[in-house]
Amino acid sequence: MTGIEYDDFLDRAYEPAATELVCTFRIEPAEGMTIEAAASRVASESSNGTWATLHVDESELTHLGAVACEIDESENEITVAYPTDLFEAGSMPQILSCIAGNIMGMKAVESIRLEDCDWPESIVSGFPGPQFGTGVAREKLDAGDRPILATVPKPKVGLSTAAHARVGEEAWRGGVDLLKDDENLTDQDFNPFEDRLAESLAARDRVEEDVGERKDYLVNVTGETTEMLDRVDLVAEHGGGFVMVDVITCGWAAVQSVRERCEDHGLAIHAHRAMHAAFDRLDHHGVSMRVLAQIARLCGVDHIHTGTAGLGKLANEDTPGINDWLHGDCHGLKPVLPVASGGLHPGVVDQLIDALGTDICIQAGGGIHGHPDGTHAGAKALRQSVDASLDGVSLDEYAQEHAELATALEKWGSETPR
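Letter 196 of the sequence shown, counting from 1, is numbered 196 in the UniProt record's numbering, and no numbers are missing.
Quick caveat, the hints were computed from the structure, so don't treat them as lab data.
Honestly, I wouldn't trust all of these hints.
What the hints assert, rightly or not - Okay, the calculated beta carbon distance ranges per label pair:
| no. | residue 1 | residue 2 | range |
| --- | --- | --- | --- |
| 1 | Asn184 | Glu110 | 32 to 42 Å |
| 2 | Val157 | Gly239 | 23 to 33 Å |
| 3 | Asp205 | Pro93 | 34 to 44 Å |
| 4 | Gly310 | Pro155 | 24 to 34 Å |
| 5 | Thr226 | Asp85 | 25 to 35 Å |
| 6 | Glu70 | Asp205 | 48 to 58 Å |
| 7 | Ala277 | Gly239 | 28 to 38 Å |
| 8 | Asp189 | Lys107 | 42 to 52 Å |
| 9 | Asp210 | Glu401 | 18 to 28 Å |
| 10 | Gly144 | Ala30 | 47 to 57 Å |
| 11 | Pro155 | Val211 | 19 to 29 Å |
| 12 | Gly310 | His238 | 46 to 56 Å |
| 13 | Glu70 | Glu227 | 38 to 48 Å |
| 14 | Ala17 | Gly251 | 28 to 38 Å |
Glycine included, each C-beta is placed from N, C-alpha and C at the ideal position.
Take the sequences, apply the hints, and build the full model.
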């Protein structure tokens with residue numbers, strides 16, 4: 001028999017193996033508890049420990065204890081290494097139940113935040129990753145090397161199906177690539193899902209024939225899991241190329257199911273992050289947007305909203321750093337296309353591209369539909385602002401010969417709303 005105690009989960013000299021999942025946490029220990037004591041309890045509770053000393057038969061035990069190893073007391077950061085065998089292959093819910101589960105409510109810590117993960121190949125190999133990723137710009141659209149442009153009809157909800165499709169058609173004709181549902185538009189009586197899908201894609205087809213550019217529609221399939229799968233099938237039947245999923249609110253297991261069904265149809269997944277701030281807004285507790293983006297990439301989304309580098313209306317974390325991770329190597333997974341959204345308009349596009357580069361999707365809602373001359377002009381202004389930025393011409397100079405951009409700059413300048 002052997003005893004298992006909290007000290008068994010702490011080893012500051014430990015070097016994590018390449019096969020282990022290594023997580024970085026920021027913790028504030030509870031009053032009267034050292035950071036080492038708190039770290040050992042985090043490692044224990046998130047793997048195979050408990051509060052009482054245990055006496056178990058070695059012959060009946062698989063050693064799956066995590067190890068709290070690196071501790072930076074000045075930053076209150078700890079590193080915990082987890083053996084791969086602790087996790088069920090390909091199950092994101094089970095992984096998160098370990099590394100972001102009970103530990104979020106432990107008395108041993110005043111607060112705890114999962115800041116980053118170093119995912120080993122042994123875990124990544126159980127996930128499909130994106131089907132298209134950044135390749136959608138060329139495989140499904142005609143954006144080439146410029147940012148993909150998207151818009152959401154405003155107001156967020158309440159437009160009739162006909163009005164929604166009409167706004168989409170005006171935006172497509174003005175130069176945007178993608179029409180997108182907002183996060184809280186699914187299948188309500190004022191704008192039923194299948195009617196909206198059919199009418200919007202019919203408008204898309206008209207625009208494609210007239211302008212000679214591929215366009216598409218990010219239709220929100222979010223719902224109960226089996227309903228989502230039925231909606232994915234409907235999108236494919238109507239000739240759509242994308243679906244949108246509110247990945248936080250519907251849950252990662254549902255995202256994994258949608259990813260599998262989308263591969264059957266060759267559909268790309270646009271991930272909206274509604275509710276993310278419930279996890280990542282506080283800098284000392286919860287789960288960082290960086291980790292949420294990592295999870296989304298493993299589960300297989302092709303786009304995900306990551307912020308605007310401080311240029312939009314929403315609070316942001318390290319958008320450039322998150323985007324770099326989504327674009328970087330992860331054991332062969334395809335990269336994910338970051339989406340910048342929230343309070344954007346033509347007057348800030350040059351700053352946005354300077355901050356985030358061109359391998360992004362720029363989504364503007366009010367910044368298109370609030371244009372004094374309407375949606376079509378607003379879409380043209382957004383496209384003009386991108387063209388100017390890529391040509392290395394200032395927006396003010398470009399606006400001298402582009403009336404739509406000039407009007408947008410006169411209305412909004414280079415500031416964003418709060």
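- Item | Hint check for Glu227 and Glu70 - Cβ pair distance inside 38 to 48 Å | 45 Å, holds
- Could one say that the CB atoms of Glu70 and Asp205 fall in the range 48 to 58 Å? This hint holds: roughly 56 Å between Cβ atoms.
- Message: Against the range 23 to 33 Å, how does the distance between the Cβ atoms of Val157 and Gly239 compare: consistent or not?
- Response: 25 Å, holds
- Query: Falls inside 47 to 57 Å, the C-beta gap from Gly144 to Ala30?
  - Reply: 54 Å, holds
- Mind checking the hinted window 34 to 44 Å against the Cβ distance between Asp205 and Pro93? 39 Å, holds
- Task: Could you say whether the range 32 to 42 Å given as a hint is met by the Cβ separation of Asn184 and Glu110?
- Result: With Cβ atoms ~34 Å apart, the hint holds.
- Go ahead and decide if the range 18 to 28 Å is satisfied by the Cβ distance of Asp210 to Glu401. Holds, at about 24 Å.
- Can you let me know if the beta-carbon spacing of Gly310 and Pro155 is within 24 to 34 Å? 26 Å, holds
- Given the range 28 to 38 Å, decide if the beta-carbon distance of Ala17 to Gly251 lies inside it. Given about 30 Å between the Cβ atoms, the range holds.
- Task: Could you check the hint for me, namely that Gly310 and His238 are 46 to 56 Å apart, CB to CB?
- Result: Violated, since Gly310 and His238 (Cβ atoms, about 38 Å apart) do not stay within the stated range.
- Message: Given the hint of 42 to 52 Å, is the C-beta distance from Asp189 to Lys107 inside that range or not?
- Response: Given a distance of about 47 Å, which is inside 42 to 52 Å, the answer is holds.
- Could one say that the CB atoms of Ala277 and Gly239 fall in the range 28 to 38 Å? 35 Å, holds
Checked against the numbered hints above, the structure breaks only hint 12 and satisfies the rest.
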